[in-house]
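Residue numbers (the working numbering), protein chains in the order written: chain Z, 1 to 242; chain X, 1 to 140.
Incorrect hints may have been included.
Said to hold, decoys possible - Listed below are the simulated BS3-like cross-link pairs for lysine-lysine, each with C-alpha atoms no more than 25 Å apart in a straight line: (1) K117/Z <-> K72/X; (2) K8/Z <-> K151/Z; (3) K4/Z <-> K21/Z; (4) K21/Z <-> K8/Z; (5) K6/X <-> K65/X; (6) K154/Z <-> K6/X; (7) K234/Z <-> K151/Z; (8) K112/X <-> K65/X; (9) K4/Z <-> K6/X; (10) K21/Z <-> K240/Z; (11) K47/Z <-> K117/Z; (12) K8/Z <-> K6/X.
To be verified - Distance ranges between label pairs, derived from CB positions: (13) I242/Z <-> P130/X: 53 to 63 Å; (14) M1/X <-> A187/Z: 43 to 53 Å; (15) P130/X <-> M113/Z: 50 to 60 Å; (16) L141/Z <-> L26/X: 16 to 26 Å; (17) S236/Z <-> L26/X: 23 to 33 Å; (18) Y23/X <-> S236/Z: 25 to 35 Å; (19) K6/X <-> M113/Z: 41 to 51 Å.
To be verified - Chain Z is faced by these chain X residues, among others (derived, beta-carbon under 7 Å): (20) R4; (21) T19; (22) Y23; (23) D31; (24) N32; (25) L34; (26) Y35; (27) L95; (28) E98; (29) N126.
Hints in this document: simulated from the structure, not taken from any laboratory.
Beta carbons are placed, not taken as given, at the ideal position from N, Cα and C, and that holds for glycine.
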Amino acid sequence: MSLKAIYKYGSPPNFYRFAMKLEPWCFSLGVFLIVIGTIGGLFIAPKDYQMGDAYRIIYFHVPSAYLSMSAYAAMGFASTIGIVWRSTVAFSVAKSIAPFGALITALALITGMLWGKPMWGTAWVWDARLTSEFILLLLYLGYITLHASIKEQKRADRAASLVAILGIINLPIIHYSVVWWNTLHQASTISKIDAPSIVGEMLWPLLVMIIGYSLFFSAVICRGGSAEVLMREKRSKWVKEI
Amino acid sequence: MLPRHKRFIGILITLVGVTAAIYLILTSFQDNLLYYLTPSEAVTKNMDDQSTFRIGGLVEMGSFKRADGSLKASFVLTDGIESIEVNYTGILPDLFREGQGIIVTGRFNKTKVFIASEVLAKHDENYMPPDIHALEEPTL
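Could you put the whole structure together from the sequences, leaning on the hints where they help?
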């Protein structure tokens, strides 16, 4: 993204108009892809040779886990922009990501537990992957509580952004935890340099789901970010004109 | 230097510093972060019969024994270099089978047989339908 673009969409009215135009597209395409991916994953994809039908929870677990991390990356990025440029829009976007990010992280953990119980024989162990993903949930919750506990808007933004930025360090730890340490959780299936270790008929619904989740997430952020911008700019002229 | 440059450099320095600190913490706790030992590590570390720990390995083909009507199972865990005999009484997870990656928690007895109190199945990152799997070579 060039600096010009940051300045252009960094102005609250421009961001608001852009986000409101983008939101319905992201929302409808996202929901459409999630429906297609769900049908593909639950009904069309073949059974796994080891896990039978039980592996199908992968179509919810992997997109949730993927999004929990990329949403955090987006929150950290927005917080950095916010601190460096003192940008209302960036702070608003970061703040609107946090609750959704916490929710999707919880979803990744819960679907993982539901999968682990029958397959591994346990719902939870404190191995490096599960623990670092749990820390991600705590980072989201820490951001939310810290932001809510400081009354003055500017100080709240700065303090919470620091949590968001420092938490970025956890992202490579989550990703490489299965490589760096022995874990109960298996290694990556898709995000590796070799070809994915999953056959094409099983892979496409997974990719469709990941794109669908991401678009849906973008729609939520367009909406949440815009609402936050309107709240913060409620006394300005352009908001009164809407 | 503009204030925003200062803020950016401040963020970078903080990030680098905290990353270095976390790196040092994680490397010094390396042993504690390992969820399990491989059979070779368990043998070279010469674990005594007092300490409880976990071993992760593959169940050796043809090593699984269980008497009819009993929950007492015995099998051999291997990493291709060292093999350890494991005894376990209880229900095994769905994915338990010969050739499968397994993690057992427990301790050695006096005769170096591992008495497991918990057996977990580790599944790999490969997903495929049964007909494709039948075409591939067995992995062990």
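- Query: K4/Z and K21/Z: Cα distance at most 25 Å?
  - Reply: holds, 20 Å
- Against chain Z, is R4/X within 7 Å by beta-carbon distance? Because about 5 Å separates R4/X from the closest Cβ in chain Z, which is inside the 7 Å limit, the hint holds.
- Message: With the threshold set at 25 Å, check whether the alpha-carbon distance from K8/Z to K6/X stays at or below it.
- Response: Satisfied, since the Cα-Cα distance of roughly 23 Å is no more than 25 Å.
- Interface restraint verdict for N32/X against chain Z (beta-carbon cut-off 7 Å): N32/X check fails; min Cβ-Cβ to chain Z is 10 Å, beyond 7 Å.
- Holds or violated: 16 to 26 Å for the Cβ distance of L141/Z and L26/X? Holds, since L141/Z and L26/X (Cβ atoms, about 22 Å apart) stay within the stated range.
- Query: Straight-line Cα separation of K47/Z and K117/Z no greater than 25 Å?
  - Reply: The hint holds at about 19 Å.
- Message: Quick check: does the Cβ-Cβ distance between Y23/X and S236/Z fall within 25 to 35 Å?
- Response: Roughly 45 Å apart at Cβ, these two residues miss the hinted range, so it is violated.
- Using the C-beta atoms of M1/X and A187/Z, is the stated range 43 to 53 Å upheld? holds, 45 Å
- Query: For the pair supplied as a hint, K4/Z and K6/X, is the alpha-carbon distance within the 25 Å limit?
  - Reply: holds, 20 Å
- Holds or violated: are the alpha carbons of K112/X and K65/X at most 25 Å from each other? Judged against 25 Å, a Cα distance of about 18 Å means the pair holds.
- Task: For the pair supplied as a hint, K21/Z and K240/Z, confirm whether the alpha-carbon distance does not exceed 25 Å.
- Result: holds, 19 Å
- Query: Does the nearest C-beta of chain Z fall within a distance shorter than 7 Å of the C-beta of Y23/X?
  - Reply: It is violated, given that the least Cβ distance between Y23/X and chain Z is near 9 Å, above 7 Å.
Hints 2, 5, 15, 17, 18, 22, 23, 24 and 28, counting from the list given before, are not met by this structure.
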